[in-house]
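All chains should be modelled from the sequences, with the hints used to inform the complete structure.
Protein chains in written order, with the working numbering: chain A, 1 to 174; chain B, 1001 to 1174.
Just so you know, not all the hints are guaranteed correct.
Below, computed lysine-lysine pairings styled on PhoX-like, alpha-carbon distance capped at 25 Å [stated by the list, open to error]: (1) B:Lys-1058 / B:Lys-1042; (2) B:Lys-1039 / A:Lys-103; (3) B:Lys-1058 / A:Lys-103; (4) A:Lys-79 / A:Lys-163; (5) B:Lys-1145 / B:Lys-1039; (6) A:Lys-42 / A:Lys-145; (7) B:Lys-1127 / B:Lys-1153; (8) B:Lys-1163 / B:Lys-1128; (9) B:Lys-1103 / A:Lys-163; (10) A:Lys-127 / A:Lys-58; (11) B:Lys-1128 / B:Lys-1145; (12) A:Lys-103 / B:Lys-1163; (13) A:Lys-42 / A:Lys-128; (14) A:Lys-58 / B:Lys-1103; (15) A:Lys-128 / A:Lys-58; (16) A:Lys-153 / B:Lys-1103; (17) A:Lys-163 / A:Lys-127; (18) B:Lys-1127 / B:Lys-1079.
Every beta carbon over 10 Å from chain B, so not counted as near; a handful from chain A, in silico [as the list claims (entries may be wrong)]: (19) Ile-35; (20) Pro-41; (21) Glu-55; (22) Asn-68; (23) Leu-80; (24) Pro-83; (25) Ser-126; (26) Ser-132; (27) Gly-134; (28) Lys-145; (29) Lys-153; (30) Asp-166.
It should be emphasised that the hints constitute simulated quantities derived from the structure, not laboratory data.
Virtual Cβ for every residue (Gly too), placed ideally from N, Cα, C.
Single-letter residue listing:
There are 2 protein chains.
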Amino acid sequence: MKTSALWLVAIAAVGGVLASTAPASVSADDDAAPIYGIKIPKGYRDWRLISVAHEEGKLNDLRAVLGNDVAVQAYREQKLPFPDGAIIVRLAWNYVPSEENNKAFGRAQSFVPGSATNIQFMVKDSKKYAASGGWGYAQFGTDGKPADETTLKPCFPCHEPNKARDYVFTHYAP
Amino acid sequence: MKTSALWLVAIAAVGGVLASTAPASVSADDDAAPIYGIKIPKGYRDWRLISVAHEEGKLNDLRAVLGNDVAVQAYREQKLPFPDGAIIVRLAWNYVPSEENNKAFGRAQSFVPGSATNIQFMVKDSKKYAASGGWGYAQFGTDGKPADETTLKPCFPCHEPNKARDYVFTHYAP
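Pasting the structure below:
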């Protein structure tokens, strides 16, 4: 009985360590987003940085845009339209002040990522997604669950005015 | 004469294309930063994302913090102190509103990177940099030129209060 209790404590302790280790990427197993049928690409959190941004208003976030090798190469070579296989991911976190940074700077000026909000993907496949400018769109929660159709329907109409840059808003930050 | 002129136009055109292609990284050849003798590590712009931030005030920038494999692995495994060989780079760009994003969102809320400001590195070598908590510090302009001693002297004193996290301010953004 005493031994079992010790084991439980040991397992709980290991569980705690595992749970507090930062995951490499959110993964969704078999959950595909609606309309475009996109699943979370493996290892997207390891992709290279395209740019960053801050959105005020309801979003109130800090965001990073990463790309797979096809997307980043196209950006760097300023190749438009993006080739099939390009995938762009937008990570976002709640916008929070950093007390410890402010202390170091000696004034309140520093804003950093709080908890993650959601993850959005643009996947280039000029045939499969011909009806939406060659791009499929997806959004997932931090639990890996895909957003519903209602969330995804405005994606293409919003990106459509940006046809001259192959429907992509984000510029590459050197 | 006509042929030469055509060649000049052709060379100028190619030069224009090359100049407008985004570089993979700023490179500094043989220019080492003072005090710690750090050169710009090759390929740092391809490193993985640790986090992002916005600094107000005089800095008024958006920034991204990337790490080499040793640094990112230590972050994900929450390993402190960072192992020797870890390198962290801070990219930064002037903070500018995005007219095209604001148009898409229907309100003024979007801020994106303008021109790059400078690039800062922290290099972990517990023996070489024992006098500064095991880290060497460097800053380079976007032209690859290292900042002077006066710029680098405050680095360690500013990071020193953060000894509990091995002198690193940036947290990993999941």
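Hints and how they fare:
1. B:Lys-1058 / B:Lys-1042: 29 Å, violated
2. B:Lys-1039 / A:Lys-103: Given pair Lys-1039 (chain B), Lys-103 (chain A) is violated - Cα atoms ~30 Å apart, limit 25 Å.
3. B:Lys-1058 / A:Lys-103: Within the cut-off at roughly 16 Å; holds.
4. A:Lys-79 / A:Lys-163: 14 Å, holds
5. B:Lys-1145 / B:Lys-1039: 10 Å, holds
6. A:Lys-42 / A:Lys-145: 15 Å, holds
7. B:Lys-1127 / B:Lys-1153: 19 Å, holds
8. B:Lys-1163 / B:Lys-1128: Roughly 18 Å separates the two Cα atoms, so the pair holds.
9. B:Lys-1103 / A:Lys-163: 14 Å, holds
10. A:Lys-127 / A:Lys-58: Outside the cut-off at roughly 35 Å; violated.
11. B:Lys-1128 / B:Lys-1145: The hint holds at about 23 Å.
12. A:Lys-103 / B:Lys-1163: OK: Lys-103 (chain A) and Lys-1163 (chain B) at ~14 Å, within 25 Å.
13. A:Lys-42 / A:Lys-128: Holds, at roughly 20 Å.
14. A:Lys-58 / B:Lys-1103: Holds. Lys-58 (chain A) to Lys-1103 (chain B) sits at ~16 Å (cutoff 25 Å).
15. A:Lys-128 / A:Lys-58: 33 Å, violated
16. A:Lys-153 / B:Lys-1103: 19 Å, holds
17. A:Lys-163 / A:Lys-127: With a Cα-Cα distance of about 17 Å, the restraint between Lys-163 (chain A) and Lys-127 (chain A) holds, given a limit of 25 Å.
18. B:Lys-1127 / B:Lys-1079: 19 Å, holds
19. Ile-35: The assertion about Ile-35 (chain A) holds, with a minimum of 20 Å to chain B.
20. Pro-41: 15 Å, holds
21. Glu-55: The claim is violated: Glu-55 (chain A) sits with its nearest Cβ about 5 Å from chain B, within 10 Å.
22. Asn-68: 13 Å, holds
23. Leu-80: 13 Å, holds
24. Pro-83: The assertion about Pro-83 (chain A) holds, with a minimum of 16 Å to chain B.
25. Ser-126: Given that every Cβ of chain B is farther than 10 Å from that of Ser-126 (chain A), nearest at about 22 Å, it holds.
26. Ser-132: 16 Å, holds
27. Gly-134: Gly-134 (chain A) clear of chain B: closest Cβ-Cβ about 18 Å, beyond 10 Å.
28. Lys-145: Check passes; 16 Å lies beyond 10 Å.
29. Lys-153: For Lys-153 (chain A), whose nearest Cβ neighbour in chain B is about 15 Å away, the distance exceeds 10 Å, so it holds.
30. Asp-166: Its Cβ never comes within 10 Å of chain B, the nearest being 14 Å, so this holds.
The structure is inconsistent with the numbered hints 1, 2, 10, 15 and 21, although it conforms to all the rest.
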